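Top to bottom, those sequences are chains A and B. Residue 8 in this note's numbering is what sits at position 8 of the first sequence, and the numbering runs on without skipping anything. Count along the second sequence starting at 1, add 823, and that's the number in this note's numbering.
Think of the hints as simulated: they come from the structure by calculation, not from any bench. Since the model is a prediction, treat every value here as computed from it, not as a measurement. The C-beta atom is built at its ideal place from N, Cα and C for all residues, glycine as well. Among the clues, some could well be false.
[As the list claims (entries may be wrong)] Ranges of calculated distance between the beta carbons of each label pair, as one might list FRET restraints:
{"id": "1", "chain 1": "A", "residue 1": "Asp559", "chain 2": "B", "residue 2": "Glu1145", "range": "51 to 57 Å"}
{"id": "2", "chain 1": "B", "residue 1": "Glu1009", "chain 2": "A", "residue 2": "Asp544", "range": "27 to 33 Å"}
{"id": "3", "chain 1": "A", "residue 1": "Val524", "chain 2": "B", "residue 2": "Glu1054", "range": "54 to 60 Å"}
{"id": "4", "chain 1": "B", "residue 1": "Gly1099", "chain 2": "A", "residue 2": "Leu499", "range": "29 to 35 Å"}
{"id": "5", "chain 1": "A", "residue 1": "Ala821", "chain 2": "B", "residue 2": "Arg871", "range": "44 to 50 Å"}
{"id": "6", "chain 1": "A", "residue 1": "Cys27", "chain 2": "B", "residue 2": "Ile861", "range": "55 to 61 Å"}
{"id": "7", "chain 1": "B", "residue 1": "Val853", "chain 2": "A", "residue 2": "Ser349", "range": "32 to 38 Å"}
{"id": "8", "chain 1": "B", "residue 1": "Asp1258", "chain 2": "A", "residue 2": "Asp544", "range": "44 to 50 Å"}
[As the list claims (entries may be wrong)] Sample of chain A residues lacking proximity to chain B, with all beta carbon distances greater than 12 Å (derived):
{"id": "9", "residue": "Gln17"}
{"id": "10", "residue": "Leu19"}
{"id": "11", "residue": "Ala75"}
{"id": "12", "residue": "Leu84"}
{"id": "13", "residue": "Tyr218"}
{"id": "14", "residue": "Pro464"}
{"id": "15", "residue": "Thr500"}
{"id": "16", "residue": "Gln511"}
{"id": "17", "residue": "Lys513"}
{"id": "18", "residue": "Glu526"}
{"id": "19", "residue": "Trp572"}
{"id": "20", "residue": "Leu746"}
[Said to hold, decoys possible] With the Cβ distance kept under 8 Å, some of the chain A side facing chain B (calculated, not the full set):
{"id": "21", "residue": "Lys549"}
{"id": "22", "residue": "Val595"}
{"id": "23", "residue": "Thr596"}
{"id": "24", "residue": "Leu599"}
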Amino acid sequence: MSLSTPTARLCWKETRQALPLAVALLCLTALLMLVMAYLTWMQDVQMTLAMLSLVPPILFAVGAGAILVGSEKEARSLTWLTSLPIGPRELVLNPFVVGLVGLLALWMITGLIQAIAAAFSTQSFPDRLPASFQLRLFVNSIYLLICGFTTAWMARSTLVGLLAVLPLAVIPAAINVAIMFTYTKLQYPQRYFIEDEPIWLTLGMTLLGMLVVGRFGYRTAMRELGSAVTVAPSNGKRSPKEIATQILSQITDRLRGDIATKMIPPTAANSLVWQFRNQNRAMVITIIAVFFACLPVIWNNYSERLGPTSLGAVCMIIAYSTASWMAMLAFHGDNVHNRVRFLAERGVSPTRVWWTRHLIPCGFLIVVYTTAWLFILPLDRQHSHSQKETVSHVVVGIAILYAFSQWVGQLVKPAAMAALMAPIIATVAVGFAFSRTWEFGTSLPMLLVSMVGIPMFATWWMMPRWMDGRGGLGYWFRHASLLVLALLIAAAPYTVVSLTMPGFSFAERQQLKIDGERYAATAVKEINLYADSTVEPRWQDFEDPAKQKEMRFAAVDLDALRRTAFEKLSRWVPNDTWSVPAIGYQLTAWQSHVVTLRLTLDTNGRSDDKPANEKRLQEYRDWMRLGQRLVARLRRSTTLASQETADWLEILLLVELNHSETRGRLDPETFAAIVRQVGANDERWEARRRALVMSYLEFYSKRLEQWRDSLNIGGIVLTRKDVLGLSPFERLTFWRERENLFKVLLKYIDDSRRGYGEFPGEYLAQVTNRSPQYYGADPAGPYLRIDDIEEYSSLDAMLSPTIATQWGAGWEQTGREWLEALK
Amino acid sequence: MKRKSLLAMRSFWIALCPLILLLAVVTWWVGIQLTAAISIRHRIHQIRSAGLPYDELSLSKHFFASSSQASSSAWFEVMHPIFNVTQAGYRAESSSVPREPSENAPNENRLVREAWERDLDKALLAGAEPLLRRLRQLTQKPSTVWIPLVFDEELDHGRQNKLAPDGIVDVCSRLAATEFVYAVKEKQYDRAIQALRTESGCLAAFDWLASIAGDSYRSDLLSKQYRRTQEALNDASWNDEQLLELSQIVGPMPDIAKRWQSVIEAERAMTLGGLGATNFRLTYDIEFLVNNQRQPTNTVTIAATRMNRILQAIDDDVRIGESGYFGLVMRAQNARAAQWYAALTATSISDCFLSHRDLRDTLAPYLPAVTTYADQLKSTETKRRLVLTTIGLHRYRLANNHWPESLDDLRSVGLSLQDWTSVDEGAFEYHVDIDSDTATIDNERVSAVDGS
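Between the sequences and the hints, there should be enough to build the whole structure, so can you do that?
Okay, here's the thing in structure tokens:
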């Protein structure tokens, strides 16, 4: 055996100790990477992966000291180690060197991941993650490693040592900020933001920190090892630290009432709370101290006052992690040295142990975190658009964080491992939970049941086995099954919608396809009047005053304007093979010209200018006949919008027919054509059914990507949602809602043709997100009903048409009556 | 034993302290919100008992009940044709070059251009004759017209549909105004008076008292009508009978208290409906605009205390008009200032999940247009008095062949002190220039055309 053997063995031992931490961190990071890749749908995921790859070395730097030194102290194996033929200097340096090598190895793995990410990156990678940033992180991680070892040598408890790293970690950054703040204020008194710190300052301050903390840590370690060998006799002279510790101890004893309570036997629950408090006192105080140390920085950042964002971000992460650590604390203290066995052997009720363990951390969490977030969030103006959601999400998020962290606290026994794993696992759980709300529409109460209730139930249910130390496969299987259950419950709403909102069945859809083929065989080609519209020149476009004058006079020549409109609309009518899609704007013109002509006839009727009267009368007849022919063409269209337009136009024709003098003004042929048109009930229903079926088949055949801009049904835009931005759950709901709309309308058409259709006005108003006033059957009162043609009709609503507003309303009956009268 | 159990409980209570603190905060919050919610409910009950509108549906019914169905039907028929005609008018008028020739333009050009304009108006009015005739019939017996409002916030037009009263009134009054100006130029004074009467009839038909914006718009159109009348008085020779008719069209002072109350009550109904305040709740959702965008973008939850304050603020606003025109603007400004102060001092956490800045920017003055509205009403009323005084001056001159020495002389033509006094700034300034035979009232020149 060579001289180096003990050192080599020591290194081997240290490596065995550090390896699980490194492996666990790598595994967790890989899990996070998968989650992020899934959540981002692989969009720009390279950057995310590169950022996540920085996690293992940094967390390892924080935890290595606790694992390599803290656990030795906790296992009380230091005394044994000092008895070996190894110098104290080696005992101090060996774990550090192993930690350093481990850290470098992890950095190499990080580099590898980044290289792979860079190879697949579509963007200029160095621009996205600058080398200076990585250099700062690298140097900082070494500083963190030194801090971790120093605090591990200083603290008695592993967890306290681990937590004590955090305040030390931010010291160089805080000093840098103070320097830059002073510099900025002196140099640029009016400036609102502070200068970025130069890299030499960052590196210099970190190196200085390494020297100071490292030297202090080394001396502490040597002193600790010295005291492990020989206990220094008390010579009456105490160090200031000992005096301070004693005073602090006395004060805390006074505050917590130990002097009194120690003498009095308390109740079981109180004892357990008391014991929990004292068992975890140092850690609770440390966590609270860390949290409150971070709070001003976070507050500062959020209130948009002067504040360095990088320090704020670090503090946010720390504050966030403290919530997780607090929860982990519930069972952590009992895991150390299997303390819980003491309670188990004395027959303490597992339920009582369970709730007394939760009382303090849970109470702290509810009060401090919820209140703090509620106060901080209102300051965040950038997210004011979703305040309500944010607040409820934060509350549920913290609850999930707590539930999963306490679960980890019960399951994972090594303190440092649990402390590092809990925030990550809980974060993954929170991320998973909220991704469920987006994807599967899981409500917040359901998240509370599945992601909070089940973990809490799991720790309560497994309390007896945990207290007795009965591990085994059954123990782990039960936990695993509960985890699976928690994950599955989140998908419940998706399943519920699938079952309760059925679309068309396979047979129904096939039937619709057969109908569609029949309709398609007789369908006519659509034309679009809008496509033909040309921009009319304005009089300002002409420089010649004479031309200007001509244009301006043309603009007010109402007769000429009416003739032009007539020519435009008439152009489409003779072609029998084409139908006319919705032309709301042109029909508004139709109505206005017809009314103007009628009023002109009323006025001229009293004059003796017979030729002029005849001319106007012929024009009126032409316009009425045009209206009837337009309706006939519109009814051949396969879009719902055209059917809607045809409804409105028929109503307007009926309005004209109802004027006492109209019949006398129309020639018999025109009158008969109009009456036959407005009385053709069966043809009207058939046209609507054809349009509905064809619109459904078009909707059904469209791929999701095609919905983006034309989210319409048969030419009618029902929503302006961007379907691509919808979650899978919303897409399912959206799809099923549309299918249901078709089902309801088809049923209404079929029932109406049999004579007993009941108009689904309320349902339509709800689905189309319109006021019920748009519909013929309005509950608000008769005055809004378009079906009473004695009242008025508005083509205005046609400019933003919706589905089936006038189907089966009273005007259809009036049309039939006219037809019967004609016969 | 007693002492022991107490001491034993102490640590337990210490542990429970945070929870008790939270419970106390929550109880306090729920308590004040509950009280506010009860107060809101009570207030809404009062509004309902008084037969006033309290949401959009009741507002709709209220308008329907207070308007003429037959008249609505008749008006609706001519709406689109009128729109078409005025659209044609717009196209002819809309100018990238000034309608009036520049001052440097030769007189000949000016005359040519003016002749053009007259012919243009003539052509438009000839084409629109049947519609104008129908409009005259419709406005002979003014009765309020009701076009159903569609309270659909998805529409770009906000709460009202495309045929909102301001749009209809705009097109009708534009047509009537074109006829008035044309008739004055052509010295057809009876036709001009008829056109003015038609315009006033249009304004009266759609005088819904439905919203601040709508009534402000109506008030603005009235101002323009007064302005046109004022100009027409100087440019033409009117006889006493015509002047008397003009003063009748201009009409007496409106009942501002009633008008103000009705408008704000309608706004209150829309607010209550929009905020869902008619349901008993501890918190209410409110949609507000951000960065002056038209579409409501955010939904914010406000607590019942805040809702109650909004309701109280609107109740305060209702009372602003009670004392009439005098000091109206000042009272509106004071009410606004009080609401700003209340919003600034409101407790963010108890009131709203918003920062103070958001609260201030978006919610504080819930009816922000109140001061502008008051200012608009005041200005219109001043213009009404001015035109009435000018008519009085012309009538006095016709009767006495000279301008009155002071405005007090106008008592002889039936005017009172109030008619020649502005709303807040005392009596109008009045001067007579004997040399040019003109008078000046409130910096407006008043002259008479020879022969009048």
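Hint-by-hint comparison with the structure:
1. Asp559/A <-> Glu1145/B: 51 to 57 Å: holds, 54 Å
2. Glu1009/B <-> Asp544/A: 27 to 33 Å: Since the Cβ atoms of Glu1009/B and Asp544/A sit about 29 Å apart, the hinted range of 27 to 33 Å holds.
3. Val524/A <-> Glu1054/B: 54 to 60 Å: Cβ of Val524/A to Cβ of Glu1054/B: about 59 Å, so the range 54 to 60 Å holds.
4. Gly1099/B <-> Leu499/A: 29 to 35 Å: holds, 32 Å
5. Ala821/A <-> Arg871/B: 44 to 50 Å: Given a distance of about 48 Å, which is inside 44 to 50 Å, the answer is holds.
6. Cys27/A <-> Ile861/B: 55 to 61 Å: For Ile861/B against Cys27/A, whose Cβ atoms are near 57 Å apart, the range 55 to 61 Å holds.
7. Val853/B <-> Ser349/A: 32 to 38 Å: Given range 32 to 38 Å: holds, Cβ gap about 34 Å.
8. Asp1258/B <-> Asp544/A: 44 to 50 Å: Cβ of Asp1258/B to Cβ of Asp544/A: about 47 Å, so the range 44 to 50 Å holds.
9. Gln17: With a cut-off of 12 Å, Gln17/A remains clear of chain B, as the shortest Cβ separation is near 36 Å.
10. Leu19: holds, 40 Å
11. Ala75: holds, 31 Å
12. Leu84: holds, 45 Å
13. Tyr218: Consistent with the label, Tyr218/A stays out of reach of chain B, its closest Cβ about 41 Å off (over 12 Å).
14. Pro464: Holds, because the least Cβ-Cβ distance between Pro464/A and chain B comes to about 24 Å, which exceeds 12 Å.
15. Thr500: About 27 Å separates Thr500/A from the closest Cβ of chain B, which puts it past 12 Å; holds.
16. Gln511: holds, 35 Å
17. Lys513: holds, 34 Å
18. Glu526: holds, 26 Å
19. Trp572: Consistent with the label, Trp572/A stays out of reach of chain B, its closest Cβ about 21 Å off (over 12 Å).
20. Leu746: At roughly 26 Å from the nearest Cβ of chain B, Leu746/A sits farther out than 12 Å, so the non-interface label holds.
21. Lys549: OK, holds: Lys549/A within 8 Å of chain B, min 6 Å.
22. Val595: holds, 5 Å
23. Thr596: Given a least distance of 4 Å, the restraint on Thr596/A holds.
24. Leu599: This interface hint holds because 4 Å falls under the 8 Å limit.
Of the numbered hints given earlier, the model fails none.
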